[in-house]
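Trainee: What the sequence shown shows, in full-length UniProt numbering, is residues 1 to 348, in sequence order.
Keep in mind that the hints are not guaranteed to be accurate.
What the hints assert, rightly or not - Here are the simulated distance ranges between beta carbons:
1) Asp151 <-> Ile270: 53 to 63 Å
2) Asn168 <-> Asn77: 29 to 39 Å
3) Glu164 <-> Ser59: 31 to 41 Å
4) Glu164 <-> Glu318: 28 to 38 Å
5) Ile76 <-> Asn186: 29 to 39 Å
6) Asp151 <-> Glu34: 40 to 50 Å
7) Lys5 <-> Asn77: 18 to 28 Å
8) Ile76 <-> Gly317: 51 to 61 Å
9) Ile76 <-> Lys23: 42 to 52 Å
10) Val261 <-> Glu85: 45 to 55 Å
Said to hold, decoys possible - Derived DSBU-like pairs (lysine-lysine); straight-line CA-CA distance at most 30 Å:
11) Lys243 <-> Lys209
12) Lys315 <-> Lys240
13) Lys26 <-> Lys240
Hints are computed from structural coordinates only; laboratory data are not their basis. Note that this is a predicted model, so its numbers are computed, not measured. Idealized CB from N, CA, C, for every residue including glycine.
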Amino acid sequence: MDVSKIIINIETSIRDAIEKLDKGAKKILLIVKEKKLIGVITDGDIRRWILKNGNIASSVELIMNTKPIVLTLENINRANKIMMEKSIEAIPIVNNNQEVLDVVFWSDFFYKRFSYNNTSNIPIVIMAGGKGTRLKPYTDIIPKGLIPIVDIPIIERIINNFIEYGFNDYYLTLNYKKDIIKAYFNQVNPYKISFIEEDKPLGTAGSLKLLDDILKERFFVTNCDILVEANYSKILEYHKVNKYKITVVAVLKNYVIPYGVLELNENGEIKGLNEKPKQEFLVNTGMYLLESEVIKYIPDNTYFDMPELITKVLKMGEVVGIYPISENNWLDIGEFEAMENAIEKLKV
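All chains, please: the whole structure from these sequences, using the hints.
Mentor: Structure representation (structure tokens):
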């Protein structure tokens, strides 16, 4: 690859680094000063900064790893062994002056992702009972979970993403056009899928009550109209280490106000003008990791959405965390414009 695409300088803002990481899709940036490698940053470094509520307008100097693992051309043959031992996905190659020559990636040596332990017994619940009213008239004919995105239904893409990380136990909660969904997946192998049928709409959390006797430990929940590109194994480990009752997968969404914003002093006079400022918000993606005990907070046979469950869990004094991902790693396919954007992105 062209290494220059992932090289930045120390004055680069974390905001600009996030944008460059998204465009490069390599999960690593190299910080260079006078042609010499002085540090690296990864999506994990940025995630930890966001969780500290750090200012992303700050310099990458605040979050960079100043002692990354590097190799020279003479010992590049050790790269695959080091990647497996250290569970890292990229290693810079430098010369004796610490000048960057290249970067080797996990994908250069291995077709599959890392092998992950303790994921196969974690259930994945996909909420597929909604009518998909924002996608009419498509959903008058086909349930939104089966709408093809580049020839593959949304639900199947969700399942395939989880399979890459070793998950293999799936539950689909169904209502609207449930027979079509069941017929499709009864013909598709090798998925291990159980169908949970609602008698009436129960919202984005209500149908979890129907799984009360099945979900005994922690489990993922995802809406059927979103795609999240993330390391689900790391989300699981993060959730366990922090002992959260619920972890919300959140996206750092960037908004540009298309106007000059006026700043006033205490006398109502203009003291400054901020032209087209950027603002960032952490937005709920529609994917969660929950401990099974929170199901007790869901009422029986009642329409109940996930935000209501989160609010109730918080009121009971339980801890709810977030796992932030970048905007480029989230596709919302619940409305036409977003679906068209997802199709264009996945065509690449």
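Trainee: State for each hint whether it applies.
Mentor: Hint check results:
no.	hint	result
1	Asp151 <-> Ile270: 53 to 63 Å	55 Å, holds
2	Asn168 <-> Asn77: 29 to 39 Å	35 Å, holds
3	Glu164 <-> Ser59: 31 to 41 Å	34 Å, holds
4	Glu164 <-> Glu318: 28 to 38 Å	31 Å, holds
5	Ile76 <-> Asn186: 29 to 39 Å	49 Å, violated
6	Asp151 <-> Glu34: 40 to 50 Å	49 Å, holds
7	Lys5 <-> Asn77: 18 to 28 Å	25 Å, holds
8	Ile76 <-> Gly317: 51 to 61 Å	53 Å, holds
9	Ile76 <-> Lys23: 42 to 52 Å	26 Å, violated
10	Val261 <-> Glu85: 45 to 55 Å	50 Å, holds
11	Lys243 <-> Lys209	22 Å, holds
12	Lys315 <-> Lys240	21 Å, holds
13	Lys26 <-> Lys240	27 Å, holds
Consistency with the previously given hints fails for numbers 5, 9, ordered from lowest to highest.
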